[in-house]
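Q: Chain by chain, the residues run as shown.
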Amino acid sequence: MGLKDWLVPQDKLFFDLFEEQAETVNKAANHLYYMVQNFDDVKNKCHKMKTYEHKGDDITHSIYQLLNRSFITPIEPEEISRLASGLDDIIDHIDDTARQMYFYDLDETDEYMIELTRLILAQSEELQKAIYGIRDLKHPKVIEEHCIEINRLENLADDVLGHAIQELFTTDDALRIIKRKDIYETLEIATDKCEEVANVLGDIAIRHS
Amino acid sequence: MGLKDWLVPQDKLFFDLFEEQAETVNKAANHLYYMVQNFDDVKNKCHKMKTYEHKGDDITHSIYQLLNRSFITPIEPEEISRLASGLDDIIDHIDDTARQMYFYDLDETDEYMIELTRLILAQSEELQKAIYGIRDLKHPKVIEEHCIEINRLENLADDVLGHAIQELFTTDDALRIIKRKDIYETLEIATDKCEEVANVLGDIAIRHS
Amino acid sequence: MGLKDWLVPQDKLFFDLFEEQAETVNKAANHLYYMVQNFDDVKNKCHKMKTYEHKGDDITHSIYQLLNRSFITPIEPEEISRLASGLDDIIDHIDDTARQMYFYDLDETDEYMIELTRLILAQSEELQKAIYGIRDLKHPKVIEEHCIEINRLENLADDVLGHAIQELFTTDDALRIIKRKDIYETLEIATDKCEEVANVLGDIAIRHS
Chain A
1 MGLKDWLVPQ DKLFFDLFEE QAETVNKAAN HLYYMVQNFD DVKNKCHKMK
51 TYEHKGDDIT HSIYQLLNRS FITPIEPEEI SRLASGLDDI IDHIDDTARQ
101 MYFYDLDETD EYMIELTRLI LAQSEELQKA IYGIRDLKHP KVIEEHCIEI
151 NRLENLADDV LGHAIQELFT TDDALRIIKR KDIYETLEIA TDKCEEVANV
201 LGDIAIRHS
Chain B
1 MGLKDWLVPQ DKLFFDLFEE QAETVNKAAN HLYYMVQNFD DVKNKCHKMK
51 TYEHKGDDIT HSIYQLLNRS FITPIEPEEI SRLASGLDDI IDHIDDTARQ
101 MYFYDLDETD EYMIELTRLI LAQSEELQKA IYGIRDLKHP KVIEEHCIEI
151 NRLENLADDV LGHAIQELFT TDDALRIIKR KDIYETLEIA TDKCEEVANV
201 LGDIAIRHS
Chain C
1 MGLKDWLVPQ DKLFFDLFEE QAETVNKAAN HLYYMVQNFD DVKNKCHKMK
51 TYEHKGDDIT HSIYQLLNRS FITPIEPEEI SRLASGLDDI IDHIDDTARQ
101 MYFYDLDETD EYMIELTRLI LAQSEELQKA IYGIRDLKHP KVIEEHCIEI
151 NRLENLADDV LGHAIQELFT TDDALRIIKR KDIYETLEIA TDKCEEVANV
201 LGDIAIRHS
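Chains as they are written, first to last, in the UniProt record's numbering: chain A, 1 to 209; chain B, 1 to 209; chain C, 1 to 209.
You may find that some hints are simply not true.
Copies of the same chain are indistinguishable here, so a pair counts whether it falls within one copy or spans any two.
As the list claims (entries may be wrong) - Here are the simulated DSS-like pairs of lysine-lysine, each with C-alpha atoms no more than 25 Å apart in a straight line:
(1) Lys43 x Lys181
(2) Lys55 x Lys43
(3) Lys55 x Lys129
(4) Lys181 x Lys45
(5) Lys181 x Lys50
(6) Lys27 x Lys12
(7) Lys27 x Lys50
(8) Lys43 x Lys27
(9) Lys45 x Lys55
(10) Lys129 x Lys12
(11) Lys45 x Lys27
(12) Lys27 x Lys129
(13) Lys12 x Lys141
(14) Lys129 x Lys141
By construction, these hints were calculated from the structure, which means they are not laboratory data.
Model the full assembly from the supplied sequences, consistent with the hints where possible.
A: Given below as structure tokens:
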């Protein structure tokens with residue numbers, strides 16, 4: 001970047017990168033949803049998930065590079081940093097679940113895994129809309145509505161996790177419990193991470209309205 | 001809020017909310033202590049715990065709303081944010097333990113669970129006193145003494161966890177180990193979260209003294 | 001500290017403390033590497049590890065005290081805080097692994113534990129060099145190279161963890177799985193914590209170059 005770029009606000013670039021990252025989250029969530037519903041050839045499906053994880057890492061890196069070289073930012077540097085690391089966390093947890101399913105040699109998925117993944121996918125769609133909204137902050141109410149929906153979906157995931165764990169402990173198959181508890185929990189953490197990003201977006205909407 | 005409220009420091013409101021939240025932490029800790037000592041009707045005791053968790057969420061939300069709309073804050077915005085999320089984390093972990101006891105279908109509590117909960121309760125009482133102290137920062141030494149005590153209690157919890165885990169692994173009942181290890185660990189994390197809040201309070205005491 | 005100390009930048013002191021902390025991380029990693037290769041007298045080896053953990057706590061405390069009393073800092077207060085807590089996290093996770101090996105009554109270590117520990121040790125050596133580089137920021141490229149190497153080592157640890165978990169689940173010994181999965185995961189988190197510190201150091205290198 002030349003001196004001119006340094007002084008000119010790089011707003012457009014930031015928003016482009018955040019939208020690209022939100023799309024990557026959505027693609028990873030979509031792939032996981034496909035995977036839990038078509039649970040075969042798990043190794044290759046994991047490999048494909050890894051490409052989204054790497055893509056996410058690259059975009060995160062680009063955002064931080066841009067941040068480190070920007071004098072003026074469209075939203076607070078702290079907000080950019082929280083958004084970037086939050087979005088990356090979501091992808092990492094989606095990828096972690098896929099890896100757990102593979103490495104734990106899970107025999108088959110179940111309705112709880114499918115439902116938790118469906119909630120992550122729905123959250124990722126809301127996130128895309130909310131992130132699209134921060135490009136021009138004329139409609140903060142719209143952003144807030146998407147954030148409220150993301151929080152609602154996280155609460156649903158919490159309930160699904162509760163029921164999944166409760167049913168799991170009606171059996172006494174320790175191995176099954178070890179495997180499935182981890183997978184359910186990682187899925188639920190992914191919905192928490194979506195909520196964290198929604199909270200950052202909600203703060204941005206309020207502060208810049 | 002009118003323009004006048006925007007410009008007038010909302011100090012009193014912030015401190016009121018933090019004291020209310022510290023009280024909620026204390027009530028949740030008290031309820032858990034009652035629960036581990038009277039371990040029956042677990043489902044209803046969990047439901048009651050959930051009311052504290054919701055109360056905690058509401059207060060956290062109010063603090064952030066006030067923060068987002070305040071121009072002048074009595075302590076740094078960063079400190080307010082860390083305090084608010086730290087206190088909420090404590091309540092969440094207390095609630096998580098109650099839920100684990102219920103969903104894991106735990107048959108009975110043990111001396112380690114009771115002792116860890118007693119430590120959380122003692123920490124919550126120290127937290128209330130320390131938070132009362134930040135309203136007027138004339139006695140930073142008093143705040144620091146409560147924080148030192150909270151750290152001491154966390155160290156005790158660490159030792160209790162060690163002994164609990166060590167005894168657990170003298171048996172080879174995998175199911176028992178899975179259930180109790182999670183519950184012990186969640187209780188110990190709650191004491192860590194109390195320590196984190198104490199560290200923030202200690203920083204505030206030093207910085208504003 | 002007198003008024004003069006307050007106004008004079010305490011640069012040298014900060015860098016001395018960070019170098020001392022990096023050395024403590026390295027000593028803890030070295031001790032763990034010795035422990036996993038000579039897995040006897042585990043209780044005493046754990047006790048010795050605890051001395052490094054306490055040392056780490058003391059240095060962390062000194063850094064925060066210096067930060068709270070400093071008007072002018074050589075790098076951003078936020079960066080100092082992230083570095084200090086990041087380095088402390090690494091030591092805590094190294095200590096956690098040692099404690100797990102002891103409290104879980106682990107019968108013997110395995111090649112995966114040794115390999116993961118070797119990677120932590122290698123990361124700690126790179127960290128020492130990178131931290132030495134921030135004292136005078138004339139060679140940011142050198143710092144960045146060490147950070148890239150730390151990230152590379154973390155990626156290797158990720159693969160080792162994957163293989164370790166995968167092999168673990170080829171057995172159906174639930175107790176063995178519970179113990180070793182926790183130990184592998186704690187070791188891998190230690191490599192993540194090294195990467196987090198490397199990311200902070202990389203940011204410092206870029207921002208001050």
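Q: Now look at each hint and say whether the structure bears it out.
A: Hints and how they fare:
no.	hint	verdict
1	Lys43 x Lys181	both (21 Å within a copy, 21 Å between copies)
2	Lys55 x Lys43	within (19 Å within a copy, 44 Å between copies)
3	Lys55 x Lys129	within (20 Å within a copy, 30 Å between copies)
4	Lys181 x Lys45	both (21 Å within a copy, 23 Å between copies)
5	Lys181 x Lys50	both (23 Å within a copy, 22 Å between copies)
6	Lys27 x Lys12	within (22 Å within a copy, 47 Å between copies)
7	Lys27 x Lys50	within (12 Å within a copy, 35 Å between copies)
8	Lys43 x Lys27	within (18 Å within a copy, 39 Å between copies)
9	Lys45 x Lys55	within (16 Å within a copy, 42 Å between copies)
10	Lys129 x Lys12	within (17 Å within a copy, 37 Å between copies)
11	Lys45 x Lys27	within (13 Å within a copy, 41 Å between copies)
12	Lys27 x Lys129	within (14 Å within a copy, 39 Å between copies)
13	Lys12 x Lys141	within (22 Å within a copy, 29 Å between copies)
14	Lys129 x Lys141	within (12 Å within a copy, 39 Å between copies)
In terms of the numbered hints stated before, the structure departs from none.
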